[in-house]
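Number of protein chains: 2
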Amino acid sequence: MSDAVASGIPDFSDDDRFFMTLALDEARAALASGDIPVGAVVIHEGEVIGRGHNAREALGDPTAHAEMMALTRAAETLGRWRLSGCTLYVTLEPCPMCAGAVLQCRLSRLVFGAFDPRAGCCGSLYDLLSDRRFPVRVAGCGGLLAEEASRLLSDFFLSRRGRPGS
Amino acid sequence: MSDAVASGIPDFSDDDRFFMTLALDEARAALASGDIPVGAVVIHEGEVIGRGHNAREALGDPTAHAEMMALTRAAETLGRWRLSGCTLYVTLEPCPMCAGAVLQCRLSRLVFGAFDPRAGCCGSLYDLLSDRRFPVRVAGCGGLLAEEASRLLSDFFLSRRGRPGS
Chain A
297 MSDAVASGIP DFSDDDRFFM TLALDEARAA LASGDIPVGA VVIHEGEVIG RGHNAREALG
357 DPTAHAEMMA LTRAAETLGR WRLSGCTLYV TLEPCPMCAG AVLQCRLSRL VFGAFDPRAG
417 CCGSLYDLLS DRRFPVRVAG CGGLLAEEAS RLLSDFFLSR RGRPGS
Chain B
297 MSDAVASGIP DFSDDDRFFM TLALDEARAA LASGDIPVGA VVIHEGEVIG RGHNAREALG
357 DPTAHAEMMA LTRAAETLGR WRLSGCTLYV TLEPCPMCAG AVLQCRLSRL VFGAFDPRAG
417 CCGSLYDLLS DRRFPVRVAG CGGLLAEEAS RLLSDFFLSR RGRPGS
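Residue numbers (our numbering), protein chains in the order written: chain A, 297 to 462; chain B, 297 to 462.
Derived from the structure by calculation, the hints contain no laboratory data.
In this text the structure is predicted, and so the values were computed from the model without any measurement.
Glycine residues also receive a C-beta, built at the ideal position from the N, C-alpha and C atoms.
Misleading hints may appear alongside valid ones.
Footprint (simulated), chain A over chain B, 3 or more residues, beta carbon under 8 Å [stated by the list, open to error]:
(1) 380 to 389
(2) 415 to 428
Just so you have them, the derived chain A footprint on chain B, three or more residues with Cβ under 8 Å [unchecked claim]:
(3) 361 to 373
(4) 398 to 406
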């Protein structure tokens with residue numbers, strides 16, 4: 297049974313799975329700086345136009361989440377802040393900041409991996425992307441390759457256990 | 297009657313008013329690039345440690361809101377992403393992205409000017425800062441020098457009326 301069917305949502309395409317594996321590669325890249333492993337890619341017409349991983353510790357920047365990095369780089373690539381026609385793949389359900397950024401950039405579609413019951417704002421705590429009071433809405437769905445995304449996160453938090461400040 | 301009393305919230309200090317005038321100065325700086333006039337400053341121990349204005353058009357970056365710029369610069373100044381002990385002054389109630397950023401950086405206090413009934417997430421559409429399901433909460437209040445902040449915005453939108461693409 298696919299991840300999508302298991303979570304009661306429509307099935308994902310082979311392209312979706314491929315692009316999520318790229319986001320998972322980005323998530324692993326966050327580990328080198330001790331950052332929480334979350335990764336993201338932005339796709340436009342079948343091409344990767346932005347990549348990013350969580351770099352809060354690496355950059356000392358509270359806004360340096362994977363989605364923010366990937367969306368900013370995608371805007372640089374296209375030379376415009378409107379990312380209509382683009383899809384963001386991210387390994388973890390976006391927090392309020394990143395869900396808000398998805399709305400700001402007029403993204404066409406969001407696909408995420410693991411749900412985040414503690415801070416997720418695309419279905420878990422809130423569903424900001426479908427709130428009709430905002431001027432735009434974004435199609436979003438989660439659960440794709442969620443087990444792999446969750447495993448990366450749980451391994452990371454287990455490895456930090458007992459360290460000073462953790 | 298003060299702005300604060302008029303909107304049914306606790307009164308603001310003279311320092312609060314002074315720092316909001318700095319944020320209003322930042323808002324005016326956004327006009328040069330045709331950006332929506334919103335400005336912000338971050339204060340730590342009585343000093344400005346970060347400034348920013350909306351620069352979405354200037355930078356072609358959908359995440360370049362006043363708050364994001366000011367918070368990122370404040371983190372650079374302090375050399376850490378945790379902005380505990382800091383206050384953010386911003387001329388307009390934060391959107392979901394910026395309210396989320398305020399939570400991410402563990403800010404101590406938020407003061408905003410005009411309420412935003414279309415996208416505000418600090419009391420208008422949502423009150424993200426006081427949601428006890430998130431790991432942190434931030435004290436926030438709005439209405440300070442709101443008339444001046446609103447006038448800047450309404451003058452800007454009136455001046456754009458009838459222009460192509462507006």
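Proximity test - 8 Å, beta-carbon atoms, the region 361 to 373 of chain B to chain A, at least three hits
holds (count 6)
Please count how many residues of the region 380 to 389 of chain B have a CB within 8 Å of a CB from chain A and say whether that reaches 3.
The restraint on the region 380 to 389 of chain B is violated, since only 0 of its residues have a Cβ under 8 Å from chain A and three are required.
Claimed coverage, the region 415 to 428 of chain B by chain A - three or more beta carbons nearer than 8 Å:
n = 6 at 8 Å, threshold three: holds.
How about the region 398 to 406 of chain B: do at least three of its residues have a C-beta closer than 8 Å to a C-beta of chain A?
holds (count 4)
Against the hints set out earlier in the document, a violation occurs for number 1 only.
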